[in-house]
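For the protein sequence lines, the chains are A and B, in the order given. Heads up, the first sequence is in the numbering used here, so the first residue is 98 and it goes up one at a time. Heads up, the second sequence is in the numbering used here, so the first residue is 98 and it goes up one at a time.
Watch out, some of these pointers could steer you wrong.
The list cannot tell twin chains apart, which means a pair is met if one copy fits it or any two copies do.
In silico EDC-like links for lysine to aspartate or glutamate, alpha-carbon gap of 20 Å or less [unchecked claim]: (1) Lys422 to Glu360; (2) Lys283 to Asp355; (3) Lys118 to Glu230; (4) Lys118 to Asp378; (5) Lys218 to Asp378; (6) Lys221 to Glu287; (7) Lys413 to Glu324; (8) Lys100 to Asp201; (9) Lys413 to Glu126; (10) Lys283 to Glu155; (11) Lys486 to Asp260; (12) Lys291 to Asp464; (13) Lys221 to Glu155; (14) Lys422 to Glu410; (15) Lys486 to Glu122; (16) Lys405 to Glu337; (17) Lys405 to Glu230; (18) Lys405 to Glu117.
No lab work stands behind these hints, which were simulated from the structure alone.
2 protein chains.
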Amino acid sequence: MEKPVYIIGVGMTRVGRLYEKSGRELAAEAALAAIRDSGGVHPRALVVGNMASSIMMEQDSLGALVADYSGLRGIPAYKVEAACGSGGAAFYSGVSLALSGLVDTVLVVGVEKLTEYLTSKATKALAQAMDAEYELFYGASFTGLNAMVARLYMETYGYSREDMAHWPLRMHEYASYNPYAQLPKKTSLERILKSPVVADPLHLFDCSPLSDGAAAVLITSNEEVLEESLNATGRDVVVEVAGIAMATDSVDLGSRRDLLTLESTVKAAREAYAMAGVAPDAIDYAEVHDAFHITGYLALEDLGFSEKGKAVEEWKSGRYAKGDKPEVNFSGGLKARGHPVGATGVYQIVEATMQLRGDFPGYRASDPEIAVTHNIGGVGTFTTVTVLKRRR
Amino acid sequence: MEKPVYIIGVGMTRVGRLYEKSGRELAAEAALAAIRDSGGVHPRALVVGNMASSIMMEQDSLGALVADYSGLRGIPAYKVEAACGSGGAAFYSGVSLALSGLVDTVLVVGVEKLTEYLTSKATKALAQAMDAEYELFYGASFTGLNAMVARLYMETYGYSREDMAHWPLRMHEYASYNPYAQLPKKTSLERILKSPVVADPLHLFDCSPLSDGAAAVLITSNEEVLEESLNATGRDVVVEVAGIAMATDSVDLGSRRDLLTLESTVKAAREAYAMAGVAPDAIDYAEVHDAFHITGYLALEDLGFSEKGKAVEEWKSGRYAKGDKPEVNFSGGLKARGHPVGATGVYQIVEATMQLRGDFPGYRASDPEIAVTHNIGGVGTFTTVTVLKRRR
């Protein structure tokens with residue numbers, strides 16, 4: 098990084114089927130929470146992460162709309178879309194703005210409104226993460242593509258459905274402590290295994306839910322603004338964006354070299370770690386993208402934590418839990434915190450920041466100093482990896 | 098600007114009802130043209146400007162898709178949306194990336210696919226530039242809102258339909274020289290006035306058409322990359338982004354203070370001019386956003402060229418034509434070059450760059466040194482203003 102970028106405020110709404118709130122209300126709630134958390138710092142630009150507002154809300158122009166409803170009418174604002182990785186991509190764009198010299202203090206808001214009485218509308222919206230001409234046109238579903246990857250992984254490395262089920266089992270346990278989680282309920286292996294099939298081998302409890310929610314992060318590259326925020330809040334911990342990188346892959350799976358490697362994750366992780374000057378074994382805490390259990394396991398491998406094919410057995414034997422390095426997804430992950438798609442990458446930054454500051458209101462990490470967030474769009478079409486460091 | 102950003106390559110497709118080409122093909126055609134025009138420089142990141150791919154193409158993830166189809170699989174890439182101002186916003190985001198130090202050489206591609214046999218689908222997509230809860234829900238149409246602004250302007254300043262019609266008259270004339278224009282045909286005042294009504298007082302020839310098209314601009318902040326490009330192309334002219342600013346307003350018109358002032362344009366212009374160190378009277382050439390004739394006239398006033406209420410009479414008496422300062426919209430404007438919405442702001446940068454370089458293949462400006470582009474989304478919800486300067 099040419100100069101440091103600091104996270105000075107974070108905010109989020111509860112994740113869930115929030116029928117009583119519109120997308121603009123959720124976005125403003127998170128935005129105002131982040132501004133309050135910073136001690137009242139005024140953002141100079143806004144980037145909104147969102148995937149599906151065209152289909153779900155009949156609304157484009159979210160940048161200006163969210164600015165206006167957050168009391169920020171007039172500032173530069175636009176929406177960034179990268180499918181389920183829209184939140185991470187919006188944060189990447191926001192960090193670049195804060196580094197550019199065009200503005201110094203940037204609010205990044207992720208928001209998604211996916212639930213209403215007609216579930217098929219959300220299915221239609223999410224299907225646009227696939228290649229419209231080579232996948233969607235032929236009747237593929239997004240869960241179906243992930244199911245094929247899961248089946249290939251299980252057959253290649255000899256894992257059973259029960260082996261795989263330890264991911265959702267632990268996510269539900271962690272989420273039970275998270276007041277912002279959509280599914281804050283412990284569950285059992287039996288319940289996971291007996292849940293209805295969605296796309297074999299993926300059953301309902303192997304998949305993240307449809308979610309509404311919004312999260313916001315306020316960043317600055319201006320040391321005076323940082324001081325102003327620290328003075329106003331009395332906070333003595335500073336969280337810094339030490340590294341960030343984004344990478345892409347083909348949209349259609351048929352063009353990939355290897356379905357069991359998220360190449361965009363490998364590339365983004367390598368670049369973000371290099372920028373931050375850290376190796377994978379230096380990372381204390383990680384929030385990784387687990388839209389399906391298979392996605393979570395691939396993330397652990399492609400972020401450099403587990404060898405290829407080993408993530409499931411290591412996870413099952415207790416790795417990545419409290420006291421390990423890294424500790425992973427104490428929020429409950431996409432699986433149980435929920436997955437408001439364009440907001441998910443921003444939730445991860447909020448949660449990792451609060452773990453570093455020591456004020457996450459759920460299951461607490463063991464005093465981490467270096468955290469990583471990992472947000473993907475499609476089946477690895479986009480990845481953004483961020484490295485956060487705590488300074489006192 | 099903290100450091101200079103140079104435009105080293107530009108490319109575009111013809112604008113029109115391009116039924117035979119998909120959005121991804123158009124985008125790749127423009128992207129490859131820009132890379133060729135730069136002498137073969139490799140972009141390190143991609144920003145795609147697009148509004149309506151969800152509705153028109155059933156396709157999100159355009160960032161990765163366009164990267165892949167342009168031979169750039171793997172690089173950071175995302176889509177930026179700001180309604181009809183998506184192209185300008187994407188360029189703003191691309192310039193910030195090039196300034197950020199995260200990457201130095203960035204390709205910005207604007208693409209829109211609006212035409213197919215079902216015109217109402219495009220009308221539905223464009224309607225999302227309005228406020229879904231306070232305008233669209235009550236049955237407003239996007240042309241209807243612009244018609245109300247036009248009527249108020251005409252009644253406030255005492256202009257007739259015939260006075261206003263001089264805008265499309267001149268745009269059609271300019272477009273007749275532009276091989277990339279959708280409507281390269283001269284027309285007459287009589288034909289404009291007798292064209293069918295769309296939303297009174299706006300008739301068909303007062304409005305920009307539905308268009309497909311893609312445009313691309315390759316920029317760099319790296320002096321070595323600039324040299325590499327100049328050596329490869331043998332070009333001796335350098336076009337620099339001397340100033341850029343973006344501003345927003347409320348989405349719904351009911352919340353505006355003054356319907357006859359595009360406040361986002363006033364603010365963005367002031368900031369971009371200050372950054373570039375130029376006053377309005379120093380500007381030699383401008384490409385302004387004229388989705389409707391009224392939009393073009395308001396742009397001339399709010400960019401600081403004409404006094405409020407005077408743009409129509411000055412235009413009618415011949416101001417802004419060849420030899421004047423600034424010369425305006427020699428491309429034919431949105432009106433007659435066409436308005437592929439998310440691409441429009443990028444087309445303007447391509448055209449202004451070619452006018453500065455002296456190689457625009459249509460109606461030529463009088464050897465300009467300083468050019469401005471002006472791209473809006475909604476009825477002034479978003480504005481991006483860019484100041485370009487030629488150096489030899």
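Report task. Of all the hints given earlier, name the ones this structure violates by number, lowest first. Result -> Numbers 1, 2, 4, 5, 6, 7, 9, 10, 11, 12, 15, 16, 17 and 18, in rising order.
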